[in-house]
Amino acid sequence: MSRPDRSKLATDGGAGLAQNPFGALAGLGDLPAGPGENSDLKREAKPISASVEPVKVPEKNRGRVDVLRTTAGRGGKTVTVAKNFTGIGLPEKEALCKKMRAAAGCGGTLKDGAIEIQGDQREIVMRILREAGFRPVQAGG
Numbered sequence: 001m002s003r004p005d006r007s008k009l010a011t012d013g014g015a016g017l018a019q020n021p022f023g024a025l026a027g028l029g030d031l032p033a034g035p036g037e038n039s040d041l042k043r044e045a046k047p048i049s050a051s052v053e054p055v056k057v058p059e060k061n062r063g064r065v066d067v068l069r070t071t072a073g074r075g076g077k078t079v080t081v082a083k084n085f086t087g088i089g090l091p092e093k094e095a096l097c098k099k100m101r102a103a104a105g106c107g108g109t110l111k112d113g114a115i116e117i118q119g120d121q122r123e124i125v126m127r128i129l130r131e132a133g134f135r136p137v138q139a140g141g
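Residues in the sequence shown are numbered consecutively from 1, following the working numbering.
What the hints contain is simulated information worked out from the structure, not anything from laboratory work.
Please note that the accuracy of each hint is not assured.
Said to hold, decoys possible - Taking lysine-lysine and the DSS-like style, the derived pairs with C-alpha atoms no more than 25 angstroms apart in a straight line are:
id	residue 1	residue 2
1	K77	K93
2	K83	K93
3	K60	K99
4	K60	K93
5	K77	K98
6	K93	K111
7	K83	K60
8	K111	K99
9	K98	K111
Because the structure is a prediction, the values reported are computed rather than measured.
Using the sequences provided together with the hints, build the complete structure.
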């Protein structure tokens, strides 16, 4: 007989398990019924959303941000621009830009300290800025 190649895995099914992981449960007798089998448990269960009160997050006023729609210098393509951020660093602007791109389902970039999102996405951009604690204002037409 030839020696089996150790680099290949056996595909014949192998040997059975040496120990049953659920074997210790057999000696416990009758286990309690689950919630699907006992109607009393269904009546006692309360929805999680009803018992949890929404926590109000205090709104921060991080400053005014201008949101405008422009086509100038872009070959007629519409772009939504959020600019005039105060007290915010480049990493946070990049995170906001990424969140806006994902929510709008389009492209965008960060140029000269302003966030540019492709298309007329003013409502989405303003909502995300409001959630981040800014006070967005529609500027321009």
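Exercise. Would you check the hint for K77 and K93, treating anything up to 25 angstroms between C-alpha atoms as holding?
Key: 23 angstroms, holds
Quiz item: Taking only the CA atoms, is the gap from K60 to K99 under or equal to 25 angstroms?
Solution: 19 angstroms, holds
Quiz item: Is the hinted pair K98 and K111 satisfied, with a Cα-Cα distance of at most 25 angstroms?
Solution: Measuring from Cα to Cα gives roughly 14 angstroms; hence the hint holds.
Exercise. Take a quick look at whether K93 and K111 sit within 25 angstroms of each other, Cα to Cα.
Key: 10 angstroms, holds
Exercise. For the pair supplied as a hint, K60 and K93, confirm whether the alpha-carbon distance does not exceed 25 angstroms.
Key: Measuring from Cα to Cα gives roughly 17 angstroms; hence the hint holds.
Quiz item: Is it true that the CA of K111 sits at most 25 angstroms from the CA of K99?
Solution: 16 angstroms, holds
Practice problem: Starting from K83, check that the Cα of K60 is at most 25 angstroms away, please. | Solution: Within the cut-off at roughly 18 angstroms; holds.
Self-check item: Pair hint K77 and K98, alpha-carbon separation not exceeding 25 angstroms
Solution: Roughly 20 angstroms separates the two Cα atoms, so the pair holds.
Quiz item: Under the criterion that the straight-line Cα-Cα distance not exceed 25 angstroms, is the pair K83, K93 satisfied?
Solution: 10 angstroms, holds
The structure is consistent with each of the numbered hints, conforming to all of them.
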